[in-house]
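Chemist: Just so you know, the sequences run in chain order X and A.
The working numbering puts the first residue of the first sequence at 1, with every later residue one more than the last.
The working numbering puts the first residue of the second sequence at 1001, with every later residue one more than the last.
Derived from the structure by calculation, the hints contain no laboratory data.
Check the hints yourself; a few may be wrong.
Stated by the list, open to error - Stretches of chain X that chain A covers, calculated by requiring three or more beta carbons in the stretch to come under 8 Å of a beta carbon on chain A:
{"hint": "1", "region": "98 to 109"}
{"hint": "2", "region": "173 to 185"}
{"hint": "3", "region": "237 to 245"}
For each residue, glycine too, the CB sits at the ideal point set by N, CA and C.
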Amino acid sequence: MMKRKWKQLGLLSLLLLLLVSLAGCGTSLADENTWQHVQQTKTITWGVKADTRLFGLMDVKDSQIKGFDVDIAKAVTQQMLGKNSQAKFVQVTSNTRVPMLKSGNIDAIAATMSVTKEREKQVAFSDTYFQAGQALLVKKGSRIHSVKDLKKGDVVIGVQGSDSVENIKKAAPQAKVIQLSDASQAFTALKAGQGVAMTSDNAILYGMSTQDNRFVVTGGSFFDEPYAVAANKGQTEFTDHVNTALKQLVKNGEYQRIVQKWFGNVPGFKASDATIGGE
Amino acid sequence: MSMFIHFWPQLLEGLKITLGSSLIALVGSLILGTLFALLEISHNRVLHLIGRIYVEFFRNIPLLIIALFFYVIVPLFAAKLSGFTAGTLALTIYTSSFIAETVRAGIQSVDPGQMEAARANGMTYIQAMRYIVLPQAVKLVIPPLGNQFVNLVKNSSVLAFVAGFDLMYEGNLIAAQTFDTFGAYIVVGVFYLILTLPLSYFMQYLEKKWNAGSGEREASALANE
């Protein structure tokens, strides 16, 4: 009897050891020089959102991901590696994008990822390619017009792994924040009345309100959310090339064309506030 | 290890929610499951049909769909349910359909002679069920029920999808916050073990205690089903 117990315990610890040692793997790929790697393969694998209108949304008709992030990533790839290069797209969420980058599944992230101090410890950011701001999405006629209107007991819906959740906790500490796994689920929960407001970047929320006009964007932008391309930490050679490519895209007008394509007829959207290259 | 210390309050909160939800769902699904098992073996055709439809329906759709149904569809037409309530309700209903099947098999493996003898001695159907058949069936279904309970605890992670603040939900947040996905989920896995291992051992203990000698063959036959 005793012997069996020990055997079981041994098996358990072996299993745990296996898990821990597995956790140690995966870093080898991330240590490789991304810039050299993509030059050799002529391919950049980008992590993009597939649930975010205007930025990265899966088109069910041809199962292609389409959006601003995707077009920017394509243009940057062409600019960096030449005409016969290829941009591959892998679907990520706010929750999975950094782990997938670390594990080497993707070379870079272009997935509505805003630059924060916390994240700069984990990844290398390029220059900003889109200037978003955090806002609230509420039902038309809601009593909530800004973060200040959030009272004790009000439920705000956020997306797991996005920093908008941390921001709203600071801006409205009295409100209760619940977090769902992605933006479309959060929007569904808002529609079901699970919260009085949803918080995310205004650009994303605009996309949702164009999809369902019973909901409006409000609250101004109470936190700046500059979007940038992220590569693994230390891959500054890669991000330097991204920066050069972005500058060229702004210069040759490609950037403005992409902005116009995706945000040209979004109500309430001011291109001068959100885009780069103006300065 | 530092993760344990750093996020202890959050993890403990998640553990409490998971434990609470599992306990409620365990009691609820046992009651519901037994009820529908009785409907299933009923000789009344309408009751039998209701039991069958319930079991076949909820046994064969993903738990996540039931949970999302209570979380996002029900509030549109009826009462608003919190993530915890929606998740626990879904868990209860889902598990009860499996328990109904288990209990039904247990009841049906009790010798029909037992029921006949009880009826012949002047007991009503309900009395015979309550005092003669069910106590014997309970012994038989302990091992497969143990499986269901362990599954239930693990399935309670569905709460994470409907913002139920359970262990898995906290795990997701910690993973997102620290970017240490693997570490976070290992910690969460260990916490689930803390819940499920004692449960498994407790069910084994019950099995040994109640099944000493008789009925062991039937029990193992049932477990293999």
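Chemist: Taking the hints in turn, state whether each one holds.
Modeler: To see whether the hints hold, each was checked on the structure:
1. 98 to 109: Since 3 is at least three, the answer is holds.
2. 173 to 185: holds (count 5)
3. 237 to 245: violated (count 0)
When the structure is compared with the earlier hints, a violation turns up for hint 3 alone.
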